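> So you can see what is in the structure, the chains are spelled out below.
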Amino acid sequence: MKAIEKSFNSKASMNSFFVVIFLFFTMWIGTGQFTKVDWMLFGYMVASFIFFIGMTVRLTSWVMRPATHEMIKRSIQNMKAKKRQKRNVKAIIKTLIDNIILQKYIFKRGIYRGIQHWLIAWGCIGSLAITFGLTFGWMHFKLVDATTYQVVVFGVPTLKMHPDGLLAGLIFEGLNITATMLLIGVIMAIVRRIKNHDTQVTQRAEFDLVPLYILLAMTGTGLLLTVSYKLLGGWMHPQFQLLHQVTTVLFLVYFPFGKLFHLPIRPMAVAVPMNYQEEPGIDTKECVGCGELYSSDDQITDVQTILGKQMFDFKTNDGHQLSDYCPACRRKIRVMSQLNMKTPFGTSAEPVQTNNGIHIPGFGRERAETFYDAKGEK
Amino acid sequence: MKKVMYLEFERCIGCRSCQAACRECGGHDAKERNYVEYIDFFESRQTFPMMCMQCKDPACAKVCPANAIQITEEGVVLSAMEEKCIGCRNCTFGCPFGIPKFDFEENKMYKCDMCYDRTKYDISPMCASVCPSDAIRFIDHDEMMELRRRRTQMNLIEGKKPSENDKWQYVPEFFGVYSD
Amino acid sequence: MTQFVVKPGVKNLQHDGEKLITTHCCYCGMQCGMHIRVNEKTGKVVGVEPRYDWPVTLGKLCPKGVTAYQTVDHPERITKPLIKKNGKFVESSWTEALDLIEKNFKELQAKHGKDALSVFGGVSMTNEKCYLVGKYARVALGTRYVDYNGRFCMSSAAGGFMKTLGIDRGSTLPWPELEHTDCFFMAGSNTAECHPTTIQWLWKARDKGAKMIVADPRETPTARIADVHLDLKAGTDSALANGLMHLIVKEGYVDEEYVNERCNNYEELKTSVEKFTPEYTSKITGVSVGKLVKAAHIFGRSPRSVVMFARGVEQQSKGVDNVCLYTSMALLRGQIGKFASGVATFTGQGNGQGGREHGQKADALPGYRKIDNPDHVNYVSGVWGIDPAEMPKAGVSAYEMFDEIQKGNIRAMHVICSNPAVSAPNNHYIWDGFKKLDFMVVSDFFLSETAEFADVVLPATTWAEDEGTTTNLEGRVIRIRKVKDPIGDSKTDWEIMKLIAERMGKGSYFNYDNVPQIFEEFRIASKGGKADYSGMTYERIENEDGLFWPCPSEDHPGTPTMFQETFGTPDGKANLAAVDWQEPNENPSDAYPHILTTGRVVFHYLSGTQTRRTDFLMEQCPEPYAEMHPHLASKYALQDGDTVFLETKRGSMSVKARITKAIREDHVFIPYHWGKELSVNKLTNPALDPTSRMPEFKVCAVKLKKA
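Chains as they are written, first to last, in the numbering used here: chain A, 1 to 378; chain B, 1 to 180; chain C, 1 to 707.
It should be emphasised that the hints constitute simulated quantities derived from the structure, not laboratory data. For clarity, every value in this text was computed on a predicted model and none was experimentally measured. For each residue, glycine too, the CB sits at the ideal point set by N, CA and C. Watch out, some of these pointers could steer you wrong.
Stated by the list, open to error - Derived DSBU-like pairs (lysine-lysine); straight-line CA-CA distance at most 30 Å:
(1) C:Lys705 <-> C:Lys649
(2) A:Lys285 <-> B:Lys2
(3) A:Lys108 <-> C:Lys44
(4) A:Lys94 <-> B:Lys84
(5) B:Lys101 <-> A:Lys90
(6) C:Lys88 <-> A:Lys195
(7) B:Lys2 <-> C:Lys703
(8) C:Lys204 <-> C:Lys703
(9) A:Lys195 <-> B:Lys56
(10) A:Lys94 <-> A:Lys230
(11) A:Lys11 <-> B:Lys84
(12) B:Lys56 <-> A:Lys259
(13) A:Lys195 <-> C:Lys338
(14) C:Lys661 <-> C:Lys703
(15) A:Lys11 <-> A:Lys309
(16) A:Lys104 <-> B:Lys101
(17) C:Lys270 <-> C:Lys291
(18) A:Lys86 <-> A:Lys104
(19) B:Lys2 <-> A:Lys108
(20) A:Lys309 <-> B:Lys31
(21) A:Lys108 <-> C:Lys88
(22) B:Lys2 <-> C:Lys649
(23) B:Lys101 <-> B:Lys56
(24) C:Lys111 <-> C:Lys88
(25) A:Lys94 <-> A:Lys83
(26) B:Lys84 <-> A:Lys73
(27) C:Lys250 <-> C:Lys283
(28) A:Lys83 <-> A:Lys285
(29) A:Lys195 <-> C:Lys484
To be verified - Not the full set, but computed from the structure, chain A residues with beta-carbon under 7 Å of chain B:
(30) Val201
(31) Thr202
(32) Pro280
(33) Ser295
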């Protein structure tokens, strides 16, 4: 494996190569050895490949970061450990439902933000799934008889349905539904960004705003297409189609580099209940200084490994690492050393004497004591 | 940014204006990011303010598995990006000074950003603006060096001589973004 | 006139869609400069921006100041007049409320005479309003019974300054000069918590080598860094001052030339301090001899010194004596009337200085005029357009009004801008008084503890909804700007007084359409008085960063430093105090073995009506506590956080104990900002100072037990 990696010059390009090969393979199966490729979607297809290559490059370098690597390593270990299966399953289900499907924590930041994010998230995931499904030919529809359609996935015939039925309606209108969700969500997001000064403090145009505007353009043109052939009898349809294709290609290519890239990272949130904090807000590790519970052993071990790998030396005189102390104790350690006092956790039983005569009193220049001395000259 | 933040703990009177003011700053979502704590209330009323050092190579960002903690071009270490933060709290344990705060409800970390919406225009951050005792100051780099020299002299007067390895312990805190 | 005042080169953050309006904080006497952020579309107050170029505070704010704007659009604001029907408040219209007030006021006056009505004012409002309160009581209602909450706050300082210096101006020097002082002598002032933005000047002076001597039973954050902390027993200030003067005289630190030229009574003073040897003083005050000697040497040898004091010294049954003695200390050293030296009291309330000058006091008329002086009465009657014979005689002080209620002389009260149900001593007596009243009106913008006793509550505006001037603790007159229009049906206090005056048939004397008209009248009313504002205009105040009174003409520059040539006494000389030491009214006994003292915390202001409704402040300090030394706590087996039951002759309460070594072993401290069950003023002693009629909040005997 190392040899192959070397010949690719980088892990990222190697991974990208395998991803492309895999995609081709699935396409080969899905399209019946390339017999049913929808060449109308060729542009989308190329963009989708670029999308996957971009994602692979970004994810590879991300996983190589020591912090990420440690967390994933521990997650894999725990997944394998037989003893932890119950906790693992619980963690995965809970994260999946609360964090990913319902996105409860965002609703806690505000109902408006919750709705906005949920619409964009599921609009995006839905649209991407349908787009890739169609462009790579992973799935297509077959007319069985005059009143029955069948969904074919990877060449395997599955569901049958009536073309006027509810299910069929949902599936055919899938993109329109997700696009509408996206449109509402994106407009909400843009309105928030215009109205709320706070969002403007740290936002960056290329990272936060451009992806939103591209998303808006893509969903807008996509819905225009629908409007065009349903209501306007195909007016300007080819032009809209070109526009939509351009914006979609732009979107797919930009996706791995803008803020939307957080989508594939989010599932890692499962590592928190699985590896570190089983119940939210309940800690198990004691602070070396004050004895308060502030973390878990595994997490501190991981943090110390990560710091060590990156040459951070946070060792205290008593042989502990700073991360063995709770945040409040760490703040106190910093202050005590600045005030030229011993740390509050030494063996000394002396009271904390803040009037140490070194900095206080008199923050600046001192006037000689003799000036005020009873015997001194006036 | 031409100025630095400068802390002198002994000046603190424990009024917590800096915390009230922190809530007022744009993007702070009415949550304070700094600390004012008693050293030991049982013994004395000495308090100290505490805030982010804006490290050049921040440990919090380096221990973040989601790469969510960004540093602006001026060198300000920002709160974890809300979209990336997975809520693992590694940053709160990695930080050698115990600065990042964590909101369990909203599942995100937040920390001092030196009032980025003010300091990027060279306007003093809210905490330093309001601090009635000048325990927190936002001053020129040169002024900071001058103050540090004075403090070092004072320590020498008192018979404690800092050595090359521990002299940082003898001078008051300064931090923030500056060019060497 | 511009709304946003900023000097060239000063950068402020201005958001799009918002405007900044320059004003001052509504809370304490520091009157810190600030800009209020207002949303241009909704007109709502959204935040605060520091005013870096205000020379007194340089943009600094305490936590109360930072959050002050939050009370303006607060959801608990009263927006409609409330009338109590069957024990419950019902929202009503102004007409209905005024009808009721008119009917009751007229009926009571017809039955019991003019003096059946009374007005209880406050000084957390502008000069214009404070001035109008006196006029409202005497002209519109025609009653002699008017007084104000300054009696609980600064009347001892006023009395003491009048006696010694002849004019009562809180500070004889402007605040920014403090930076150049060599020595601060501070007594009974928890500056770091009560006037936090002063600290920057003290610390700056410290940077230049100034020394600090702090006299306080608690090691406050100010006392913490003092060179000498005189940890005296509460209520022994006059002994301490005498003791220090004894040493100053003995060691030859007296500025003989100054004293001979400008002071009376030097020989008497020498005789009276004779017996206060360090040993004798130490026995009374509990301060060690060494500390006393050191303090005297530091104070005596400092070329420039400032003597500062606050409520700790003043809220005693001998508050005036204390003030006179401490002021004499500064006089002995020849410090008053010179650069970076002098004497100052920390005014507690926002407009405590201005509010006490202009006739809200029972015996006073605008410009520090006296109601028992026929010339003064004639002058003010002329300004008001009334017959001097109609001017009511002097009334009684704030606490004594409640005696009059108990006697049945006062039948109705209009409380404006005050909350005596929390802030007056001996709460039970006060509450009982309110219940005895036939009719009670309260103007306030929150439903305060006092308002709950009222029959009619009139919705007043906050400081941000009206304009005017206030006078800060230096004696600097400053501009308060209107930030937004009043919410709901609320009206400014001057409009309310005008409306009631109209109903009482005196509308012609209150013919104001706006605040500047009141200011113009008030300038004339103060003209020729000791506190002369006649040379001030809004433009000048704005252009000159505030103006110090006296300012007798429009080309007069104002008076930042007082008494440079002469004092305000008839002979132009200051009167040194030759006063013996007296015990506090109540001393520890076997039944009540410890001393209870009260005070403020940095997070709350006065009776807490506003600050207890501010989230940040309540999170920091949600309830009162009893601070005590571990030595005292262990006597009662109290741990930090245990509930302790305290009892005095007047009342009792239970609070949590907070244990620290930063307080004298024999003292218990409780902050007073809470009402009802949590009010420490149920316990405090109403013994009054004979001159200033100020109650002895700061000392009473208490017993404790673990609850």
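> Next, verify each hint and record whether it holds.
Against the structure, the hints come out as follows:
no.: 1; hint: C:Lys705 <-> C:Lys649; verdict: holds (15 Å)
no.: 2; hint: A:Lys285 <-> B:Lys2; verdict: violated (42 Å)
no.: 3; hint: A:Lys108 <-> C:Lys44; verdict: holds (26 Å)
no.: 4; hint: A:Lys94 <-> B:Lys84; verdict: holds (19 Å)
no.: 5; hint: B:Lys101 <-> A:Lys90; verdict: holds (27 Å)
no.: 6; hint: C:Lys88 <-> A:Lys195; verdict: violated (42 Å)
no.: 7; hint: B:Lys2 <-> C:Lys703; verdict: violated (58 Å)
no.: 8; hint: C:Lys204 <-> C:Lys703; verdict: violated (42 Å)
no.: 9; hint: A:Lys195 <-> B:Lys56; verdict: violated (33 Å)
no.: 10; hint: A:Lys94 <-> A:Lys230; verdict: violated (42 Å)
no.: 11; hint: A:Lys11 <-> B:Lys84; verdict: holds (23 Å)
no.: 12; hint: B:Lys56 <-> A:Lys259; verdict: holds (24 Å)
no.: 13; hint: A:Lys195 <-> C:Lys338; verdict: violated (55 Å)
no.: 14; hint: C:Lys661 <-> C:Lys703; verdict: holds (20 Å)
no.: 15; hint: A:Lys11 <-> A:Lys309; verdict: holds (20 Å)
no.: 16; hint: A:Lys104 <-> B:Lys101; verdict: holds (20 Å)
no.: 17; hint: C:Lys270 <-> C:Lys291; verdict: holds (22 Å)
no.: 18; hint: A:Lys86 <-> A:Lys104; verdict: holds (23 Å)
no.: 19; hint: B:Lys2 <-> A:Lys108; verdict: violated (38 Å)
no.: 20; hint: A:Lys309 <-> B:Lys31; verdict: violated (33 Å)
no.: 21; hint: A:Lys108 <-> C:Lys88; verdict: violated (38 Å)
no.: 22; hint: B:Lys2 <-> C:Lys649; verdict: violated (62 Å)
no.: 23; hint: B:Lys101 <-> B:Lys56; verdict: holds (20 Å)
no.: 24; hint: C:Lys111 <-> C:Lys88; verdict: holds (27 Å)
no.: 25; hint: A:Lys94 <-> A:Lys83; verdict: holds (19 Å)
no.: 26; hint: B:Lys84 <-> A:Lys73; verdict: holds (20 Å)
no.: 27; hint: C:Lys250 <-> C:Lys283; verdict: holds (19 Å)
no.: 28; hint: A:Lys83 <-> A:Lys285; verdict: holds (21 Å)
no.: 29; hint: A:Lys195 <-> C:Lys484; verdict: holds (22 Å)
no.: 30; hint: Val201; verdict: holds (3 Å)
no.: 31; hint: Thr202; verdict: holds (6 Å)
no.: 32; hint: Pro280; verdict: holds (6 Å)
no.: 33; hint: Ser295; verdict: holds (6 Å)
Consistency with the previously given hints fails for numbers 2, 6, 7, 8, 9, 10, 13, 19, 20, 21 and 22, ordered from lowest to highest.
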